[in-house]
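Protein chains in written order, with our numbering: chain L, 1 to 195; chain Y, 1 to 195; chain D, 1 to 195; chain Z, 1 to 195.
Everything labelled a hint here was simulated from the structure, so no lab data went into it.
From a predicted model like this one, the values you see are computed outputs, not experimental measurements.
All C-beta atoms, glycine included, are put in the ideal place defined by N, C-alpha and C.
Keep in mind that the hints are not guaranteed to be accurate.
Unchecked claim - Taking lysine-lysine pairs in the DSS-like style, the calculated list, with each CA pair at most 25 Å apart, reads:
hint	chain 1	residue 1	chain 2	residue 2
1	Z	Lys145	Z	Lys132
2	Y	Lys26	L	Lys26
3	L	Lys138	Z	Lys3
4	Y	Lys26	Z	Lys26
5	L	Lys3	Y	Lys132
6	Z	Lys138	Z	Lys3
7	D	Lys3	L	Lys3
8	D	Lys26	D	Lys138
9	Y	Lys132	Y	Lys145
10	D	Lys26	Y	Lys3
11	Y	Lys3	Y	Lys138
12	L	Lys145	L	Lys26
Said to hold, decoys possible - Now the stretches of chain Y that chain D is said to cover, found in silico as 3 or more residues with beta-carbon under 8 Å:
hint	region
13	2-15
14	33-46
15	70-78
There are 4 protein chains.
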Amino acid sequence: MNKGRLEAFSDGVIAVIITIMVLELKVPHDADPEALVPLVPVFLSYVLSFVYVGIYWSNHHHMFHAVHHVNGAILWANLHLLFWLSLVPFVTGWMDETHFAPLQVAAYGVVLLLSASAYTILTRVLVAEHGKDSLIAKALGSDFKGNISLAIYVVAIAIAFWQRWIACVLYAVVAAIWLIPDRRFEKLLQEKSKP
Amino acid sequence: MNKGRLEAFSDGVIAVIITIMVLELKVPHDADPEALVPLVPVFLSYVLSFVYVGIYWSNHHHMFHAVHHVNGAILWANLHLLFWLSLVPFVTGWMDETHFAPLQVAAYGVVLLLSASAYTILTRVLVAEHGKDSLIAKALGSDFKGNISLAIYVVAIAIAFWQRWIACVLYAVVAAIWLIPDRRFEKLLQEKSKP
Amino acid sequence: MNKGRLEAFSDGVIAVIITIMVLELKVPHDADPEALVPLVPVFLSYVLSFVYVGIYWSNHHHMFHAVHHVNGAILWANLHLLFWLSLVPFVTGWMDETHFAPLQVAAYGVVLLLSASAYTILTRVLVAEHGKDSLIAKALGSDFKGNISLAIYVVAIAIAFWQRWIACVLYAVVAAIWLIPDRRFEKLLQEKSKP
Amino acid sequence: MNKGRLEAFSDGVIAVIITIMVLELKVPHDADPEALVPLVPVFLSYVLSFVYVGIYWSNHHHMFHAVHHVNGAILWANLHLLFWLSLVPFVTGWMDETHFAPLQVAAYGVVLLLSASAYTILTRVLVAEHGKDSLIAKALGSDFKGNISLAIYVVAIAIAFWQRWIACVLYAVVAAIWLIPDRRFEKLLQEKSKP
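Whole structure, please, built from the sequences with the hints as guidance.
Right under this line is the structure:
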């Protein structure tokens, strides 16, 4: 089965998710410069969520270069990832609405954790289908960055109830780790195309 | 006529439908943990609707692998399906807003029933265009799963006015039946590509 | 220049327009069966707008089969069409909100008139680029359906201030005229591919 | 790496941005003709934003014709551009909501300035990847239109606090400058394909 439509559908869903978040930026009715002040944390959380969804799109893009074909299990592992990503605008808006209350900061982390887990499951399903000697299995390797991210999310969720701003910083740290795109695939694809 | 643009347009519409539902998850203003409680059924209905739309996309994807060309009737049978699917976010939100009142639970079932009927019509139009000996006609076969689903929907809609939670369980049962992707097309396409 | 990205972008915009309209179907808070009554005209106007946008997509799809290449003027004639189509959800919602007041029913007609005019301009720009002997020029011919539609819209807009329901019926009549897809392109493309 | 998915994703995001703006056109509850009066500036700001996003899409389309391949840096320079564009609906709505207060008119200019800067950065990253003798480097040339636009934006933002309508006129002037599509790429591609 062809991977083209899965890529196109994922692009569509992620494009809607990334732009729907701007609807959470409620337009303030006030014209005063002070109306800008409460917008600052809202804007920063929008930036963080935009970067997160961008990272998922970018890594999804890189990973699917090494994918040859898809099956039913891959379709659903991909939909599972899109499900958790689709909740990112919701938890971002919830966090903003409650002025970064501990519970909501933790909820944001839970959605990030479940998105990351869904991504890990997707990689496992892809490797299972393509075999341990496939290009994709080699490119993913031990998935150090993925595992360290999951660990940081768990710590951040626990800390959120005690020191919510530290949790937010930890979310930003994970984003920074991933902002560097996944060069594993670029490297291997280049090696492969060498004579 | 080429099927590519029909697939792309359907992917676009379904991608918007599946992500627009998250807008129905109204952000609660409260920061208390109790604010989570009323979210639970809302979240479950979101999951169910997401799975339903995912099933339609997945089966649409599988079915169009066996489609060679499209005509005006197919375009409109497809738009008819997209019309009923586009009402899924509305009935999901309506059900949530009325705390799963009997009428709204039934309305949700009616939209599922009409979506399923539209899908059946689409398959008929496709078979009419491609012929009874075509790959798509063979893959669809007697469409047992489709017919049993329609029957369960009718029962669930009637039950909704009496025992609304049973209706909800029945909706989930149909989703479970379909969650297993339509392997008929995978099988036939594999056989076809065999020497 | 390639037409692929213009088609993909148009598909994306039209897909968003067609699904965004469902957001105008405000979820009623009431659970009574009477809550359904005011929804009936709203639902019918949603159906009409969905059919209109579907017609534009279908005809756009058919017409671009006969297009070979695009230039800057075609890009902007196409964006001009998408602009007026993007106002369809707005005028639909406005009509619903004011319970089909004369001014709003007329406004709906004005957006339909301007969308149809934009489509006519697009066809002219395409013919100008491809030449009078091109496939697309032959397929469009005298554009009888296009001209009759423009005339009906003008009549309906004028009637709206006097008999708003007749105006609504006239909008539905034009939709019915176009619901039959533009077979001119199918015919010509078939003839062309004949030996 | 292939540029196809980057184009498709950008098309998706821009399609959502351009149609989401219509949601800012709040449906008035009044049926009086006077209800149209406050809609006039809102409508004009919608037109301006639609044209701006259309210009970005059109120029993006033209520029990527000359792009051969993409890398991680290009992906992120492109996401950076999409980020600022995604704020256009927000600042348009904010300006409307505050009846074009000076601060909000300036904020609109700031988003235009940052979008334009992001576009300039994207061109630089593309030239850096493709080399100074590449088709894209030649097509961009000294980027006179880009630089003059940045200068006008800066002037308009400063003027907004003093004479907000002059700022709005200046925004429209820049749009007019760019409405003429970027023929540099068309010319060069034609020359290239000549024998």
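Status of each hint after checking the structure:
{"no.": "1", "hint": "Z/Lys145 with Z/Lys132", "result": "20 Å, holds"}
{"no.": "2", "hint": "Y/Lys26 with L/Lys26", "result": "13 Å, holds"}
{"no.": "3", "hint": "L/Lys138 with Z/Lys3", "result": "24 Å, holds"}
{"no.": "4", "hint": "Y/Lys26 with Z/Lys26", "result": "19 Å, holds"}
{"no.": "5", "hint": "L/Lys3 with Y/Lys132", "result": "28 Å, violated"}
{"no.": "6", "hint": "Z/Lys138 with Z/Lys3", "result": "20 Å, holds"}
{"no.": "7", "hint": "D/Lys3 with L/Lys3", "result": "23 Å, holds"}
{"no.": "8", "hint": "D/Lys26 with D/Lys138", "result": "45 Å, violated"}
{"no.": "9", "hint": "Y/Lys132 with Y/Lys145", "result": "20 Å, holds"}
{"no.": "10", "hint": "D/Lys26 with Y/Lys3", "result": "34 Å, violated"}
{"no.": "11", "hint": "Y/Lys3 with Y/Lys138", "result": "20 Å, holds"}
{"no.": "12", "hint": "L/Lys145 with L/Lys26", "result": "35 Å, violated"}
{"no.": "13", "hint": "2-15", "result": "holds (count 8)"}
{"no.": "14", "hint": "33-46", "result": "violated (count 0)"}
{"no.": "15", "hint": "70-78", "result": "holds (count 4)"}
Figure legend: structure checked against the earlier numbered hints; hints not met, in rising order: 5, 8, 10, 12, 14.
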